[in-house]
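With these hints in hand, go ahead and build the complete structure from the sequences.
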Amino acid sequence: MGQMQQPFTVKRIMRDYGACYVFILVPVLMFLLFKLIPVVYGLVTSFQKYKVMGSSWVGLKNYGRALTDPVFWKAMEVTSLFTLGTVPVTIGIALLLSVLIHPLKKGWQTFFKASFYLPTVASGVIITMIWLWIFEPTTAGLFNMFIGLFGLENVNWLGQSRTALPSFIVMTWLSSHGSAVILYMASLGSIPRSLYESAEIDGAGPARSFRSITWPLLKPTTLYLLVIGVINSFQVFIQIYLMTMGGPNFATTTISFLIYQHAFEYYDFGLASAESFLLAIVIVAISIFQFKFLSQDVEY
Amino acid sequence: MFAKRFLLCSLIAWTAVCGAFARGSGEPAASAAKDTVTIWTYPVVNGYDAELERLKPLLAAKYPNISLDIQILAWADGAKKFDVALNAGNPPDIYFGQPNSKYLDTGLALAVGEYLTAEEIGDYYENVLELCKFEGKVYLLPMYEFLHCFGGNKDQMEKAGIDYVKIQKEGWTWEQFKEYAGKGVYAKPNGDKNYGLVYYTQGAELEAMLALNSGMPQAVLPDGTVMYKNPNFKDVYSFMSDLMKTGIMPKETAGMAAGLRWQWFYEDRTMFMGKGIPYFDKMQQDRNAQIDAGTIKGPKTNFVILPIPHKQGEKAYSVGGAEGYMLFRQKKAQGIEHYRNAAKIAYFLTSGTASKSAIELCLLPVTKSGAREFEGKDFLSPWNKEATKALASIVYEKKVISPELAVQEAQFKNSGWMPAGQGVIAGELTPDAAYAKVVEAADRIFKK
Numbered sequence: 001m002g003q004m005q006q007p008f009t010v011k012r013i014m015r016d017y018g019a020c021y022v023f024i025l026v027p028v029l030m031f032l033l034f035k036l037i038p039v040v041y042g043l044v045t046s047f048q049k050y051k052v053m054g055s056s057w058v059g060l061k062n063y064g065r066a067l068t069d070p071v072f073w074k075a076m077e078v079t080s081l082f083t084l085g086t087v088p089v090t091i092g093i094a095l096l097l098s099v100l101i102h103p104l105k106k107g108w109q110t111f112f113k114a115s116f117y118l119p120t121v122a123s124g125v126i127i128t129m130i131w132l133w134i135f136e137p138t139t140a141g142l143f144n145m146f147i148g149l150f151g152l153e154n155v156n157w158l159g160q161s162r163t164a165l166p167s168f169i170v171m172t173w174l175s176s177h178g179s180a181v182i183l184y185m186a187s188l189g190s191i192p193r194s195l196y197e198s199a200e201i202d203g204a205g206p207a208r209s210f211r212s213i214t215w216p217l218l219k220p221t222t223l224y225l226l227v228i229g230v231i232n233s234f235q236v237f238i239q240i241y242l243m244t245m246g247g248p249n250f251a252t253t254t255i256s257f258l259i260y261q262h263a264f265e266y267y268d269f270g271l272a273s274a275e276s277f278l279l280a281i282v283i284v285a286i287s288i289f290q291f292k293f294l295s296q297d298v299e300y
Numbered sequence: 301m302f303a304k305r306f307l308l309c310s311l312i313a314w315t316a317v318c319g320a321f322a323r324g325s326g327e328p329a330a331s332a333a334k335d336t337v338t339i340w341t342y343p344v345v346n347g348y349d350a351e352l353e354r355l356k357p358l359l360a361a362k363y364p365n366i367s368l369d370i371q372i373l374a375w376a377d378g379a380k381k382f383d384v385a386l387n388a389g390n391p392p393d394i395y396f397g398q399p400n401s402k403y404l405d406t407g408l409a410l411a412v413g414e415y416l417t418a419e420e421i422g423d424y425y426e427n428v429l430e431l432c433k434f435e436g437k438v439y440l441l442p443m444y445e446f447l448h449c450f451g452g453n454k455d456q457m458e459k460a461g462i463d464y465v466k467i468q469k470e471g472w473t474w475e476q477f478k479e480y481a482g483k484g485v486y487a488k489p490n491g492d493k494n495y496g497l498v499y500y501t502q503g504a505e506l507e508a509m510l511a512l513n514s515g516m517p518q519a520v521l522p523d524g525t526v527m528y529k530n531p532n533f534k535d536v537y538s539f540m541s542d543l544m545k546t547g548i549m550p551k552e553t554a555g556m557a558a559g560l561r562w563q564w565f566y567e568d569r570t571m572f573m574g575k576g577i578p579y580f581d582k583m584q585q586d587r588n589a590q591i592d593a594g595t596i597k598g599p600k601t602n603f604v605i606l607p608i609p610h611k612q613g614e615k616a617y618s619v620g621g622a623e624g625y626m627l628f629r630q631k632k633a634q635g636i637e638h639y640r641n642a643a644k645i646a647y648f649l650t651s652g653t654a655s656k657s658a659i660e661l662c663l664l665p666v667t668k669s670g671a672r673e674f675e676g677k678d679f680l681s682p683w684n685k686e687a688t689k690a691l692a693s694i695v696y697e698k699k700v701i702s703p704e705l706a707v708q709e710a711q712f713k714n715s716g717w718m719p720a721g722q723g724v725i726a727g728e729l730t731p732d733a734a735y736a737k738v739v740e741a742a743d744r745i746f747k748k
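Just so you know, the protein sequences line up as chains V and A, in that order. At position 63 of the first sequence the residue is numbered 63 (our numbering), and the sequence of numbers has no breaks. At position 135 of the second sequence the residue is numbered 435 (our numbering), and the sequence of numbers has no breaks.
Source of the hints: derived by calculation from the structure; they are not laboratory data. Some clues are possibly wrong.
What the hints assert, rightly or not - No farther apart than 30 angstroms at their CA atoms in a straight line, the calculated lysine-lysine pairs in the DSSO-like style are these:
id, chain 1, residue 1, chain 2, residue 2
1, A, Lys380, V, Lys61
2, V, Lys51, A, Lys402
3, A, Lys437, V, Lys49
What the hints assert, rightly or not - Where chain V lies over chain A, by a calculated footprint (3+ residues, C-beta under 8 angstroms):
id, region
4, 377-384
5, 611-619
Unchecked claim - Pairwise CB distance ranges (calculated):
id, chain 1, residue 1, chain 2, residue 2, range
6, A, Ile694, V, Val121, 32 to 40 angstroms
7, V, Leu149, A, Met583, 32 to 40 angstroms
8, V, Leu84, A, Ala376, 30 to 38 angstroms
Given the structure is predicted, the values throughout are model-derived calculations rather than measurements. Idealized CB from N, CA, C, for every residue including glycine.
Right under this line is the structure:
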């Protein structure tokens, strides 16, 4: 005779799983307090004209104002250009670096991984201050010192529309691939060595091995980095705030900076919230597109 | 029975009469109950933290029941911290800054003048107090009236034969300025370029200064008229464009930071600089003393305060305004006695002995008690004393606009004339194209 099953009661659940609930209580509370509730509050604010002493309901007016504001579309354009210019290149740089580091001995691997990851853990403010020096418009700036060696005149990198955004893109290329290198290194380490040995026996060279073995097996990691990279690049803010304040002439006005301006310079929290949710919709749409069309032959 | 009722009514009436007389007989007394007043301020002048420590025991002696919770914010991010606190409904009781309509719009800004006596309010000079009023009520107790002008390198001007005393007295037009500044454009023996004007352009103050001195003293008037739509604003951009094309301003001007402007002035690489404030005179004196003492190396320069050049035929103005302490309530009201206590503290921090900060900034005291306390004391060089007083007398008193217009004015600046000016400085926009952008932005923003 089998044992009778005990009824599925609250008392039984707490007895069997009570400790688990206690352990997850803190992160759940943190999520509720610092993520979910602020997001819901922001959504409600996006339909209001926010005032400290009492907001008023305005419906979709804030969304309408955002969508008819030419500065909003300019910010979307700048953000999109920034994303297109940074995400594929930083992934490419990270992949190249990982492929070069992977064959090295453990000690050297650790050294290079740590070196490339260091900017990720350093304060964004500190890194931005250093880049301000690098981009300084006088001959004292590092880039201008370098081009001065070739007899070229110093350039006002952040003071001209045609060079300001490209400067930010170059800055991102050189400082934002640390975590991608770590992830690629982990993925490369998980590819069975026997696959490369079989390919070698069949006469495949390094390029063919990379194309037929490495690249397909790295696709899940690449897809993840692509999705996360797009999400992060659409939210770029610190560098813009500290280096150019969105100028010159909107050349570096990203959507996050515009949201900040509307909230904290104009006190228009309703409009800023509406723009935040429009940004969220765009990011979700791009992510869905990426998962739907770029993950077709990804195997896990 | 009737006697008892009569006695009771008499007692009530007598108490009411005594209360009315008590209320009108003297100052609204600061409450004797224990109270804590929070203050958010900035390093207003070098060593302001030490100055506050000096004032604390004086305050404690005068108001023993009031304790202070003082936070000195950083200039870089203090305003943002305050914005967040204000919009969360929890600002400090007293905050240092300039009067701003958007604070009023939150409903948390208090008319500090209503919590002081007539004698205390009367201590402030009326012309400065006017800068602190909105709809006739005082919302800020000024610590000083700031003064923004142009600055000059005295030695370079003398070598070029430019009479700075005459300029300080009579002012100068845009054409005169270009002529004089042009004399500052040359190559130095060590290969460095010397410039006519080095201006700190972040913040778009150059456009605002030039517009002020070309018949457009403010971007928007209280009736909603957008002054910067006036075709004269195109001339502002044309003037700026000329300064760039003739090399008077360096090509690094777009995005010029305050530190770089100062560095070039210290290195004797510019004849004029902007913006110029009287305190730069003291800073330069201190630097020259350090050079004499051998603690730092570099050329000695002397700072001359100069008026902003004005367009031919237009009135000359200086940029000025009041900065000081404002009073705020929190979303959860704390009661009139608390606000009176906070107002008393704010008054103390801006008058009498506390006027030391204004004197150290080489500015005129804004209270009569401060003027008495520091009579004859100032740090200005002899050639700047009279000029500073004269320039302070031509400060334009900005007409106060409503909170809604103030927000639109800020949007007009950030998405209209400031980026257009950046385009002109960078050589990417012609004055005509820049002016067209300004008109388009004005039509878009102010039609709402």
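Status of the hints after comparison with the structure:
Distance check on the hinted pair: Lys380 of chain A and Lys61 of chain V sit about 26 angstroms apart at the alpha-carbon level, within 30 angstroms; holds. Of the supplied pair hints, the one linking Lys51 of chain V and Lys402 of chain A holds, its CA atoms being roughly 11 angstroms apart against a limit of 30 angstroms. In summary, the hint linking Lys437 of chain A to Lys49 of chain V is supported, as the alpha carbons are separated by about 27 angstroms, within the 30 angstroms threshold. Given as covered by chain V, the region 377-384 of chain A passes the check, having 3 residues with a CB less than 8 angstroms from a CB of that chain where 3 are the minimum.
Evaluation of the coverage hint for the region 611-619 of chain A: breached, as 0 residues show C-beta separations to chain V shorter than 8 angstroms, against a requirement of three. Distance hint check: the CB atoms of Ile694 of chain A and Val121 of chain V are about 54 angstroms apart, inconsistent with the given range 32 to 40 angstroms. Between Leu149 of chain V and Met583 of chain A the CB atoms are about 36 angstroms apart, so this pair conforms to the stated range of 32 to 40 angstroms. Restraint check, Leu84 of chain V to Ala376 of chain A: a C-beta distance of roughly 32 angstroms satisfies the suggested window 30 to 38 angstroms.
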